[in-house]
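First to last, the protein sequences are chains G and Y. Residue numbers for the first sequence follow the working numbering, so the first one is 0 and each next one is one higher. Residue numbers for the second sequence follow the working numbering, so the first one is 35 and each next one is one higher.
Treat the hints as calculated values from the structure; they're not laboratory data. The reader is advised that the hints may include incorrect statements.
[Said to hold, decoys possible] In silico DSSO-like links for lysine-lysine, alpha-carbon gap of 30 Å or less: (1) K103/G - K493/G; (2) K275/Y - K190/G; (3) K444/G - K231/Y; (4) K197/Y - K175/Y; (5) K280/G - K523/G; (6) K190/G - K231/Y; (7) K273/Y - K197/Y; (8) K413/G - K493/G; (9) K103/G - K12/G; (10) K493/G - K12/G; (11) K231/Y - K197/Y; (12) K493/G - K108/Y; (13) K103/G - K16/G; (14) K275/Y - K175/Y; (15) K179/Y - K231/Y; (16) K197/Y - K444/G; (17) K339/G - K118/Y; (18) K280/G - K493/G; (19) K280/G - K118/Y; (20) K280/G - K413/G; (21) K413/G - K190/G; (22) K108/Y - K421/G; (23) K444/G - K108/Y; (24) K108/Y - K339/G; (25) K523/G - K118/Y; (26) K108/Y - K535/G; (27) K118/Y - K197/Y; (28) K175/Y - K444/G; (29) K197/Y - K413/G; (30) K197/Y - K179/Y; (31) K535/G - K275/Y; (32) K256/Y - K273/Y.
[Said to hold, decoys possible] Anything over 12 Å on all C-beta distances counts as not near chain G; from chain Y, calculated: (33) K38; (34) F45; (35) I53; (36) L83; (37) G116; (38) I181; (39) K256; (40) N263.
Cβ coordinates follow ideal geometry from the N, Cα and C atoms, glycine included.
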Amino acid sequence: MSVASQALTAQSKFSLKEWIFTTDHKRVAILYLIGSFAAFFVAGIMAMLMRTELATVGPTITSNPTNYNVWLYFHGAAMILGYQIPSLTGFFANYYVPLMIGAKDVAFPRLNALSVWLYWMGIVLALLTFVIPDPPDIMWTGYPPYSIITPGNTAFYTFTVLLIGFSSIAGGVNFLTTIIRMRAPGITWNKLNIFIWCTMAAFVMQVIFVPILGTAVTLLSFDKYLGTHFFDANAGGTPLIYENLFWFYSHPAVYVILLPGVGLIYEIVATFARNRVFNYKGVVYGGIWGTVLLSGVVWGHHIYVSAIPSWLALIITFTTLLISIPVGLLVIGIVGTLYKGSIEFKTPMLYAVGFMFLFLIGGLTGIPNAMSAIYIHIHGTQWITGHFHYVMAVSVTTAIIGGTYYVWPKMTGKMYNETLGKLGFWLFFIGVNITFSLTMWLGYKGWPRRYYDYSQFPQFQGTQQIITAGSYIIFLGALVTLITWIHSLIWGEKAPQNPWGSKSLEWTHAPTPPPPGNYPEPLKLSEDWHPYGYGK
Amino acid sequence: MGRKNFLKRLFYLLFATVILSASMVYANGIKIEMTGTPAEGWEHLWRELMIDITVIGVVFAAVTIYLLITNRRKRPGDEGQGPKLSPLAAFGWVVIPIFVFMADDIYLAAESFELWGNYRNVPANALVINVEGYMWGWDVKYPEKIIITNELRVPAGRPIHIKLTSRDVVHSFFIPDFHVKWDAVKGRENYLWFYPKQVEAGEHVMTCTEFCGMLHSSMFGKVIVMPENEFNKWIEDNKPKGGNV
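This is chain G alone, in the form it adopts within the complex (with noise of 0.2 Å):
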């Protein structure tokens, strides 16, 4: 019996405390996957709320204002601190990076473990929201004074950010490490998967930016419980502050959340169309690296109507529309990725189009929000709503779902169903348009977002109840995408080793599903290998 196939069978046991007590990357990605995707889902129920609520003027299915300003808290908090990030650089990283990089494991495996811990941690305090009197109903932002004057227990949101933050900084220790010293002989710096890249990228700018958002909700709290005076103008200090600081990170963390998921696009792309990466190096080092470059700042046009000086403001306007030569950049090699390529519409493909589209309409209508004087009308609207839902919420949710189809065969060592797959995303990604597009315009049309109720706008309810059927439609998609999964783990065919004929190293060398330790045998690359040396 081979060291592969008894590992195979060691781990074909289930059992709970092997799970937890896991140092096994793939464990600890799969942790990682079942936190992320129950976040997703919780706080996609309170979407499901929220747009039921507004479909009529007054109260739909709650009289009291603070429910519904406590579900806007969650999802908000929980789809980009608890399913986003962590999805991305919790469980894609964690699958892939070893994988990718022919590495056995992490370079500490049992920092790893402590991560997935810490951010379990995150997620049961989050979900207590729903248990204890007076959750936070302080939007994912927190922006004092409210959050300190508010009954809500604002405590929770800080805790919930610094032990998410904690598990993030730990994963970008440890993941910068194994990128740095654990790539396979042969491995060199312009042959990594562009994922690898994005996700270095995306681990840089945590270590860097995430202690300023613990900074800042750490002073909120001091504030509201040590009767400390950081935000409080009545003795000197200024709400300003924690806008600068909160900004600070959290524009960041939209390069954070989109860049993996850009990288996730690359690989499909790239296997779909069995075709090199069209100019590599300029993807990595003008895309890639100019996007984490810029994006300490761009924060201030988050704030361009808080009294931010006008010397300020102009200086932020131009270096925010310059994002758009990065980020152009990454969208000319996706596409010329297709150039003389050849293309294989399977589910995770037709993810990778529909990102393509969302986030060229996301993309595209982030112009307006960084020209300060444009901005005046849209801030706090449901422009804004639509805008990032289109370029970060929906494109970057597409980037995971199409991954995690993609890496579905070597995960589970199970296919899944085409039809039922391709159902799935059509659902989801006409629902998206629905919603989005139509949010937008609402916010054009200076319907504000957060808003519980809006007698002031009547005329808009018809508008609203469109948006709401597209919501559903969103959430029904996202369910049969979790039944092809189920459908897939029960009845799912066996997978061959390669199922796409893909030339990255986790699905030529590899065995499916990995066993510990992921390649038996030492790896041997020659010399002209690359993970998309298609078409020689």
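Guided by the hints, dock chain Y onto chain G, whose structure is given.
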């Protein structure tokens, strides 16, 4: 006809036009409307911007769809034959897009700078009104010591200068119809200005756009644009009577 003669005639013609239109305006009792207000500038730039992003979007989408259709896999074993770029071509595919995007960025930034200047420079003849946000409503205070809640009455045809403060948390004062908004922050006095035209006489929505707690969405009121004489009469009627106080 000599050049001097021509200029002279042109001058008379212009002079006559000015006198004539001024007298017509006087006769009809209407004022000359201010042009180049922030709202007009915003609408103009928004239209330009929508054309700009639509063109870019359509070009990218068309290229993507074309490539998706023409590069489908013909036989199962096929592999893509994407180009291996020479160093010069790779450099070009970075530098040329940089210049194209940067050109558009600089153009848009310049337009935005100009409009921002318009938004932030209040005309000298503006009528000053104080607005204070609180959980959950707006107090409107006139120089004549009139205070009303959730109702902002303004005369048409005159720039309005709003001085914004907050009694408690951060609010954001927004009048969608005039494309103006600014945050009301405790401990600071912020400002904005807008210009209601004669044709805009009537009611407009003003509402809060920064989350401020339970009744955030109920924190709205009316902007009532009135003809100037009616506005003056309203001020007279509502002024606290001196001596009785």
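Comparing the hints with the structure gives:
1. K103/G - K493/G: Distance ~24 Å between K103/G and K493/G Cα, so the pair holds.
2. K275/Y - K190/G: Violated, at about 83 Å.
3. K444/G - K231/Y: Given pair K444/G, K231/Y holds - Cα atoms ~19 Å apart, limit 30 Å.
4. K197/Y - K175/Y: 10 Å, holds
5. K280/G - K523/G: 25 Å, holds
6. K190/G - K231/Y: Given pair K190/G, K231/Y is violated - Cα atoms ~63 Å apart, limit 30 Å.
7. K273/Y - K197/Y: Since the Cα atoms of K273/Y and K197/Y sit roughly 20 Å apart, the hinted pair holds (cutoff 30 Å).
8. K413/G - K493/G: The hint holds at about 5 Å.
9. K103/G - K12/G: 21 Å, holds
10. K493/G - K12/G: Given pair K493/G, K12/G holds - Cα atoms ~18 Å apart, limit 30 Å.
11. K231/Y - K197/Y: 20 Å, holds
12. K493/G - K108/Y: 26 Å, holds
13. K103/G - K16/G: The given pair, whose Cα atoms are some 22 Å apart, holds under the 30 Å limit.
14. K275/Y - K175/Y: 16 Å, holds
15. K179/Y - K231/Y: 25 Å, holds
16. K197/Y - K444/G: 25 Å, holds
17. K339/G - K118/Y: 11 Å, holds
18. K280/G - K493/G: 37 Å, violated
19. K280/G - K118/Y: 11 Å, holds
20. K280/G - K413/G: 35 Å, violated
21. K413/G - K190/G: Holds, at roughly 29 Å.
22. K108/Y - K421/G: With a Cα-Cα distance of about 21 Å, the restraint between K108/Y and K421/G holds, given a limit of 30 Å.
23. K444/G - K108/Y: 47 Å, violated
24. K108/Y - K339/G: 12 Å, holds
25. K523/G - K118/Y: Distance ~25 Å between K523/G and K118/Y Cα, so the pair holds.
26. K108/Y - K535/G: 18 Å, holds
27. K118/Y - K197/Y: 61 Å, violated
28. K175/Y - K444/G: 28 Å, holds
29. K197/Y - K413/G: 65 Å, violated
30. K197/Y - K179/Y: With Cα atoms ~15 Å apart, K197/Y and K179/Y stay inside 30 Å; holds.
31. K535/G - K275/Y: With a Cα-Cα distance of about 92 Å, the restraint between K535/G and K275/Y is violated, given a limit of 30 Å.
32. K256/Y - K273/Y: Holds, at roughly 20 Å.
33. K38: 45 Å, holds
34. F45: F45/Y is indeed farther than 12 Å from all Cβ atoms of chain G, at 38 Å.
35. I53: Correct as stated: the minimum Cβ-Cβ distance to chain G is 37 Å, above 12 Å.
36. L83: Answer for L83/Y: violated, closest chain G Cβ roughly 6 Å.
37. G116: It is violated; G116/Y is separated from chain G by about 4 Å at its closest Cβ, not greater than 12 Å.
38. I181: 22 Å, holds
39. K256: At about 9 Å from chain G, K256/Y fails to clear the 12 Å cut-off, so the statement is violated.
40. N263: 29 Å, holds
When held up to the earlier numbered hints, the structure conflicts with 2, 6, 18, 20, 23, 27, 29, 31, 36, 37 and 39 and fits the remainder.
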